[in-house]
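> As they're listed, the protein sequences go chains A and B.
Under the numbering used here, the residues of the first sequence are numbered 1 to 480, in order.
Under the numbering used here, the residues of the second sequence are numbered 1 to 226, in order.
It is possible that part of the hints are untrue.
[Unchecked claim] Derived Cβ-Cβ restraints for the label pairs, each shown as a range:
#1 B:219 with A:370: 57 to 63 Å
#2 B:38 with A:362: 18 to 24 Å
#3 B:57 with A:472: 32 to 38 Å
#4 B:109 with A:447: 54 to 60 Å
#5 B:71 with A:402: 31 to 37 Å
#6 B:57 with A:451: 51 to 57 Å
FYI, nobody ran anything at the bench for these hints, they're computed from the structure.
Here a beta-carbon is modelled for each residue, glycine too, at the ideal position from N, C-alpha and C.
Chain residues, written in single-letter form:
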Amino acid sequence: MITASLLRRRSRMLIALLSIGIGATILSGLVTIAYDVPRQMGAQFRSYGANMILLPAGDTVLTEGTLEKALEVIPEENIAGASPYRYVRLDMPSRQQSFTAAGTDFSQVVKTSPYFSVEGDYPSNPREILIGKEIADTIGAKIGSSIQLSYKGSASDDGNGAADWTAGAHLMGSAEGFNEAVLTVELTLDEDARIASIDVDASSQTEEIGALVGTDREYLDQFIGQTLPVSADALSGATISSQAVVNAVNSARSGENAQALELTGIYNVTGILSTGGEEEAYIFMSLTDLSKLTGEEAPDGSGSVLDVAELSVFADVNELEAYSEDIKRENPEINPRLVKRVAHSEASVLGKLQALVILVTVVVLLLTMICVSTTMMAVVSERRREIGLRKALGASDRSIRTEFLGEGLFLGGLGGLMGVALGFGFAQFVSVHVFGSAIRFQPLLLPVTVVVSMLIAAVSCQLPIKRAVAIDPAIVLKGE
Amino acid sequence: MALLELKNVSKIYGELKALDNVNIKVEKGEWVAIMGPSGSGKSTMMNIIGCMDKPSLGEVLLDGVDISKEPQKRLTDIRRDKIGLIFQQFHMVTYLTAVENIMVSQYYHSMPDEEEALQALERVGLRERARHLPSQLSGGEQQRVCVARALINHPELILADEPTGNLDETNENIVLDLFSQLHNEGTTLIVVTHDPEVAEAAQRTIVLEHGRVAREVINENFGKNR
């Protein structure tokens, strides 16, 4: 009888149901979003780069091994990325300039520095590098260019591998010649550490011109008996190739070291990096390539030595600080720092966003209450006579109250269920269109929305019920 | 003992005396008409007897209980248990069918019993209209449903306010015949009307004027026409 009565009064009830339904939709939708926003925004914020950096503490050395150990403190699913960085100065012999090179892990750089804009591709193979736009402009390099880089590190303080120029040593070197093509030299030294023999592989140079530096004995004989630094008259018509031979000889190292350290190397440019920042003046290469070039290795064998590691972590400021404390406690050799600028702006934006969502939700709930209350008020005044009649037929105030409240709760419950379904759709829509990712359904939201809707309906019904109870049957039933 | 007795009943609204020291007695099983022009106090009296209003002064004894002293909540109970109401405008719940309208009355009294409600409809000759909504019933049919509704809980007293005021003559006669049957079964009837024909169908007519009982007329022809 009650459902039948609701069905036959469907238009009015539909409005009440609709208002509750819409209210519940907004409620459950916004709550879902508010709940999901930190996650969503967290992911968004991660595109602004790292929010924590790890530095070596005091005199200690940061290595790949210690970084890995430090990361164990943070749950894996919360780590968006962790990029190791090792900075060294590398020379570019062909231009007699030096640049800062950063050894890193490109698979992580993509995650910690999503704002990097790379023309071309990130290096994926050995001996591939990414160069900053500033460098590219300076040296006129393009994607596909080969660049020779050499390292004058602590391994040979005179910079030319003089330590390897020992009596009877067998040395190898290479350098960029004409058209950036590389030629190699092999040297044998006599008991006075002077050049006893020289072989040049100049097959990469122009045939009949540059290539002659590898075959012209007269030219090559100039080197015999020389020691560091060598000099030689250029072969006519092959100035560049000739200079390359000199460079190669001057950078030659013993075969053992040359293989292990590659104090010099030729690298292919796969991409040019634009960031608008200082990174444009850097050369990026894989840590492996850099280690080969510099021969640096942590004393305890825990991988390459690092200057810094950039971490991008899904966490708010408090969580970040907790992680930072944990890392410091468990790894005294590491000094973690929060990138405050990023972490704090994240927190303040999130806080504001959630406050806004809560405010909107409250306003919507108030509006829903007003709407439901108004509709129920209209229902009561529309049914004045019926209510009067029911009272005349013996309905107590209590049963009138129960009837309206029951109707309200029924509508609230139904509207709530409607709201859960529509709200999830709404939140999904907003999430996909605003944040570009899907959201998960929160099962707890079902009972919460239904209960809240019923509560709102119950509260909204109070004034209309008061009116209904106050109806005097003698007045509303009076004839004419 | 009289079923209903009004003793020195007055209802005063400020300066206006809607009822002025009225004394009336209605015996169990009696059929009484109350007549009078508009403003004579008919409605006020009807409301007081129907437990929807209280007198300013005097006593109203219904089945031995002074309803003028009872609290509002008790009045609702008394009305539900002892009185069946019939109105000029029928007053049916528009979205409920004929039988459901009768069941509403059962619901507040005790418990809805569809079979019993259908029997009541049968009694007023509308069993086949049980599933119709009020909008699908004629005025006469609606009022007959209301008569069925008024008698469903076996009240001591049926109180009808202008029951034929909105009906044509045919339907008026049908309703009056129903009243006659109820009277023959021993039901007490009080019918408020300004229609002399309706009044004449009753055993006794009480005429109100300016809130006082102007006169009482015993209908000598009672029972002869019906």
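> With reference to the structure, classify each hint as holding or not holding.
Outcome of the hint check:
no., hint, verdict
1, B:219 with A:370: 57 to 63 Å, "holds (59 Å)"
2, B:38 with A:362: 18 to 24 Å, "violated (55 Å)"
3, B:57 with A:472: 32 to 38 Å, "violated (21 Å)"
4, B:109 with A:447: 54 to 60 Å, "violated (38 Å)"
5, B:71 with A:402: 31 to 37 Å, "violated (20 Å)"
6, B:57 with A:451: 51 to 57 Å, "holds (53 Å)"
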